[in-house]
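Residues per chain, in single letters:
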Amino acid sequence: MVWNTNLRWRLPVTCLLLQVALVVLFGVFVRYDSDADPHWLDTKEQENSTSDMENEFYYRYPSFQDVHVMIFVGFGFLMTFLQRYGYSSVGFNFLLAAFGIQWALLMQGWFHSYYQGYIHVGVENLINADFCVGSVCVAFGAVLGKVSPVQLLIMTLFQVTLFSVNEYILLSLLEVKDAGGSMTIHTFGAYFGLTVTWILYRPSLHQSKERQSAVYHSDLFAMIGTLFLWMYWPSFNSAVSNHGDAQHRAAINTYCSLAACVLTSVALSSALHKKGKLDMVHIQNATLAGGVAVGTAAEMMLMPYGSLIVGFICGIVSTLGFVYLTPFLEARLRIQDTCGIHNLHGMPGIIGAIVGAVTASCANADVYGVKGLALAFGFDGFKTNWNASMQGKFQAAGLFVSLAMALVGGIIVGIILKLPFWGQPADENCFEDAVYWEVSSRDLFPCTKGVASLLQRPCPHQPSWGLRDWKLRVGDRGCSSLLLHPEALCLLGA
Amino acid sequence: MVWNTNLRWRLPVTCLLLQVALVVLFGVFVRYDSDADPHWLDTKEQENSTSDMENEFYYRYPSFQDVHVMIFVGFGFLMTFLQRYGYSSVGFNFLLAAFGIQWALLMQGWFHSYYQGYIHVGVENLINADFCVGSVCVAFGAVLGKVSPVQLLIMTLFQVTLFSVNEYILLSLLEVKDAGGSMTIHTFGAYFGLTVTWILYRPSLHQSKERQSAVYHSDLFAMIGTLFLWMYWPSFNSAVSNHGDAQHRAAINTYCSLAACVLTSVALSSALHKKGKLDMVHIQNATLAGGVAVGTAAEMMLMPYGSLIVGFICGIVSTLGFVYLTPFLEARLRIQDTCGIHNLHGMPGIIGAIVGAVTASCANADVYGVKGLALAFGFDGFKTNWNASMQGKFQAAGLFVSLAMALVGGIIVGIILKLPFWGQPADENCFEDAVYWEVSSRDLFPCTKGVASLLQRPCPHQPSWGLRDWKLRVGDRGCSSLLLHPEALCLLGA
Amino acid sequence: MVWNTNLRWRLPVTCLLLQVALVVLFGVFVRYDSDADPHWLDTKEQENSTSDMENEFYYRYPSFQDVHVMIFVGFGFLMTFLQRYGYSSVGFNFLLAAFGIQWALLMQGWFHSYYQGYIHVGVENLINADFCVGSVCVAFGAVLGKVSPVQLLIMTLFQVTLFSVNEYILLSLLEVKDAGGSMTIHTFGAYFGLTVTWILYRPSLHQSKERQSAVYHSDLFAMIGTLFLWMYWPSFNSAVSNHGDAQHRAAINTYCSLAACVLTSVALSSALHKKGKLDMVHIQNATLAGGVAVGTAAEMMLMPYGSLIVGFICGIVSTLGFVYLTPFLEARLRIQDTCGIHNLHGMPGIIGAIVGAVTASCANADVYGVKGLALAFGFDGFKTNWNASMQGKFQAAGLFVSLAMALVGGIIVGIILKLPFWGQPADENCFEDAVYWEVSSRDLFPCTKGVASLLQRPCPHQPSWGLRDWKLRVGDRGCSSLLLHPEALCLLGA
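In order, the protein sequences belong to chains A, B and C. Using the numbering used here, the letters of the first sequence map in sequence onto residues 164 to 657. Using the numbering used here, the letters of the second sequence map in sequence onto residues 164 to 657. Using the numbering used here, the letters of the third sequence map in sequence onto residues 164 to 657.
There's no promise every hint is true.
Unchecked claim - Only some residues are given here: those of chain B computed to face chain C with a beta carbon under 7 Å:
{"#": "1", "residue": "Pro175"}
{"#": "2", "residue": "Leu179"}
{"#": "3", "residue": "Leu180"}
{"#": "4", "residue": "Ala184"}
{"#": "5", "residue": "Val193"}
{"#": "6", "residue": "Asp198"}
{"#": "7", "residue": "His231"}
{"#": "8", "residue": "Val253"}
{"#": "9", "residue": "Leu258"}
{"#": "10", "residue": "Leu289"}
{"#": "11", "residue": "Ser376"}
{"#": "12", "residue": "His380"}
{"#": "13", "residue": "Glu601"}
Note that these hints are calculated values from the structure, not bench results. No residue lacks a Cβ here, since even glycine has one placed at the ideal position from N, Cα and C.
Start from the sequences and build out the full structure, keeping to the hints where you can.
Put into structure tokens, the structure is as follows:
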């Protein structure tokens, strides 16, 4: 089957339609919340609130910026490890996130910030929109290299919608605590993405196997992503926690868990290689699993040693997953998981949900103080029959709801994305920037007559290639990379 | 004409003279402001100010650091897209900004923070100095690759001076609002830079055309710059706004505008390519136009949907500019704009000024509240005859003053920079790091006898080159890049 | 001597043992401090503390995140300048820092935050742990490329311990002020690292000389590290200063010093090159010396012009050090300092200590105010016989204690690291990622028969190499880099 990957009308029309719809919906629904609206000056005076510093902005904005960096630089560069997919990794992540945050402001706004006929947005909404998009970035990791930007926009549209519904069920109906999103962001995002890539299974993907690995510099670019995710994860898990001690504690716990996770990831990476060498894939990914797995419990009284134990376990589980589980999933279950999100977000997300449920079910007034307990689990005044074991059970229920939403949603969205007119690439053109990006003339040195004349000869070491195939393949990348190709050696030297 | 690009005395003398002058001027004029001076402990007690948290530092420092990253990493890496000009892009930007912030502390200090015989600096001065330098970084984009570091220091000296005068006229005389600097930073910087590059027109610049494009990894480095600019722009536009709701609102508006701008930039980039492919130049630049264009209005009651509309329009205008206007400017008006700053800062800056004027002229007590209106436009008490339409007219006047200052200043500075002794490169050596940076021996593999013997033969495909030219050109880059050059192919293989 | 660099058991066992020990020690000793513990809600009510904003978290967390970026991205990427050591620079720095911060939380906790049987950790402890690890990152710069990750973990274990003892002597016994760590972090770290590398002297290191230089893109990666260090250094020096004016002043002073340092580094770099060209090594490193050298005095009343003078001097001293002193140290004193830490941290650290001592000895109530002086030097109430000259003398004593600890500790740790079973690389394999990282099959294009047949011939320009050596050397890097190697030219073209 020949795919038409020319997006000249499909991509512009999709972008413009979505953006026009967003403008209209924002015009009808979105207003500033009271902390971003100057009217508070007239009304708050009676309430003896004298300090601008009490504005929510100053509690949340530094964390917001850190989360923002994680979504755009963290996820974007983490996926640049592929040798010929850097433009798309960073660029498509940029596109889907820019669309997703707008749509998330609306969807989450209708569920959580809608009153007096308007959605009222403030800095916490911006953080939550970034969180929601984080779940799309996770799913993007599973389908990386195999979908068109139009498909990504469609996926983002549906995934943000489903995320918001799931989040509403968990946070508002089940009253689950999930400040760092182990369930809502990571588990949901990972299993949604895995289901989509399972539906989009490509049996001939081995044809672009060569491009599915890294080159030296692409792995360094990916480390930029890894490190910004790792460093700012304490901000991620604490960004929407209660003011004061909860936010403080969430940062400490995440810091501890991530540190422990690095050591066990390195240990396993070395132990599982026959010569004891480290693998950049593990260092780039498994080291982050500790942040995922304290997402739910970070703001609770997990204790620093509890965080270390969680990080310890996740570094091991995640690295084992990369070595044994990912190949198994691809070979047996036909799940082609480009970035290994099952190891970084799937399993650690489930572990995080369980850790959260256990930690919540152990909560009591000795550990939290009387007021602290009420504040941490939000039952001050109106939830009189709250108890810890019930909270634990609701937490566990939240995990199952998230998994169910991810699987059912993923199947539906996967089937929609399988329709043949979204401009998806052929199996042999996956993981290749040149399909959707202008790369030839600007990027590479121009051909000279010398090269052209070389190309009149067939390639001696690839007799199966006709003269035309050979030209096309070299031409794809321009002639400078001809020199970097093993085939070129036979032409030039042998 | 042969240019002498040896900077051995010119650059050190310029740097040291400027820095000595700065030390002396700082010694005479610069002191800490009251929030950075321990004397407040003795004096403020009576005033019942009990909290350290009220220190301006905590309101502004996180935003300051974000702005700082935009100036040094954002602008620096944005310009690394050129294949052989990465050291200069990052390094010269570093140099001019480090000089510029010191000079701006003095210039802006004399205009805005000078009392009791001293300039009193605090964190807001640091932000404003970074802002001022931002305008120089914008202008640097127009002349990138065609000027020496000595010329850049001279340009910075004059541009910071002119910037400060212009800013004083706008903010203090015309009482214009321009928190994010659509007029003072972007419009002024862009048209100043364009005028300078127009004066410095190089008719034979096509001789270094080959180096004026990107290579694969250089485009990824540039995306680091793009993303840090994009992510931190909400901090840029809100950094010096009033405490509380204004700062909060400015961040929200910028966030919205930038998100919308990404979608329309992508849409236009694809629509304007014959195969629907995306162009990295647009993704790197046009996506940022939304931040420029809400610079003036971000802290006003622009409303989230207003921000989306601004971003929507700017993504389109900016991408169209890259495709149609930049080639036109170069071919017809002899304006060689290396980074396309007219599309990213020029037009969006003007749009931002207009949006600001319109938004200000619509201000009223219904929208802002009574106290909010007074605070937002600073007329509480002493400006009794203020009205919105007058504010709008002054805003518009500010745009024309900025344009006039940029054009007149740019002509004068351009003429100064045209003097032949600043070490500027010849037309065929533009966009080349090796002119000003030690690159050969450390950077590239050393030549072997094998290569040397090859160079005894003239280049068959460049008959116009004598043996000596050929050696020089190859020698410039060292022998490893010989292999990456198309010319090398003819020697080795053909 | 043939070294066994297979770490399959050594590295995993070391990591897992250390991490298990940390989990146990955290379980026994580490608890949240009162600002991260919900019990404060029950107890603080009586004390009329109404604002969450007074939580230490909001005073320190933004600075903490900046410091965190400096340690992981700043130091990690600064060291990627080596052409074939990027994975190890970023990856090993990641590993040692992740271990070091946990161990530092314990060591520093026992000395400074231990009461009621527990170490109480909050955000300030996280910052101090990062600081402590900063000193290990400094020392890593001296031994970069010549040690195994197991050696680095052992070094970190001992250096963090010694750092904490030294810090306790300085801050608690001598009551020295050193907020930005000129003495405790930079001087100690640099001379410790230099002593270790002196003990580990490798007489045949010239065999891997070729890989000890940079390539074009590796220098750009290193600039990411440089810039994040440079930009966030004001946060580093102000992170643990007193709230309010001290933190504010420390940021201003560091900003000024760093800006001046850039200009003099550029001046000297150009002046010391025979053609006036700039050297990336100086731009990457010497520009940062100004931050090191105001570490002690930044929070004092150094005045902005004082900071400029310090930066001015350090840019000169540091660049001179790179040009003249580093080669001298290697040739005469057998100190092989890979990153030139003596120029960036050693000499500037000593200068910083002296500047701090002088500034402290000039302190008086005119400059600081009565209360400000008491607060700045912590003698309010209990230190009745404090005077400035005494403070200055103790500051100077702190420098000598740090140097002594570094030298004695460095000798002991160096001897331990010299033991032959830590998996260190042979002299000819230094500065090479492939020793400890899986790079071949994923990273490089696979060999074809064409290349294999070329390798049947001995290398004509390296007659000393046997056929087997030649294959091994090419095979090390895979065949694509064959084309980038000068040796390849002789095979292909000559």
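Quick rundown of the hints versus the structure:
1. The interface hint given for proline 175 (chain B) holds, since its Cβ lies 4 Å from the closest Cβ of chain C, which is under the 7 Å cut-off.
2. For leucine 179 (chain B), the shortest C-beta to C-beta distance to chain C is roughly 5 Å, which falls under 7 Å, so the interface hint holds.
3. Below 7 Å, beta-carbon pairs count as interface contacts, and leucine 180 (chain B) has none with chain C, the closest being about 9 Å; its hint is therefore violated.
4. A hinted interface residue such as alanine 184 (chain B) counts as satisfied when its beta carbon comes closer than 7 Å to some beta carbon of chain C; here the least separation is about 11 Å, so the hint is violated.
5. Here the hint on valine 193 (chain B) is kept, as its CB sits about 5 Å from the closest CB of chain C, short of 7 Å.
6. Given the 7 Å rule on beta carbons, the hint for aspartate 198 (chain B) holds: about 6 Å separates it from the nearest Cβ of chain C.
7. Taking 7 Å as the C-beta cut-off, the interface hint given for histidine 231 (chain B) holds, the closest approach to chain C being about 5 Å.
8. The interface hint given for valine 253 (chain B) is met, as the beta carbon of that residue sits about 5 Å from the closest beta carbon of chain C, less than 7 Å.
9. Against a cut-off of 7 Å between C-beta atoms, the interface hint on leucine 258 (chain B) holds, since the closest Cβ of chain C lies about 5 Å away.
10. Against a cut-off of 7 Å between C-beta atoms, the interface hint on leucine 289 (chain B) holds, since the closest Cβ of chain C lies about 6 Å away.
11. Contact between serine 376 (chain B) and chain C, as hinted, is not supported at the beta carbon level, the nearest pair being about 16 Å apart and thus beyond 7 Å.
12. Hint status for histidine 380 (chain B) relative to chain C: holds, with the closest Cβ pair at about 6 Å, below 7 Å.
13. With 7 Å as the threshold, the beta carbon of glutamate 601 (chain B) comes within range of chain C, its nearest partner Cβ sitting at about 5 Å, so the hint holds.
This entry does not satisfy hints 3, 4 and 11, going by the numbered hints stated previously.
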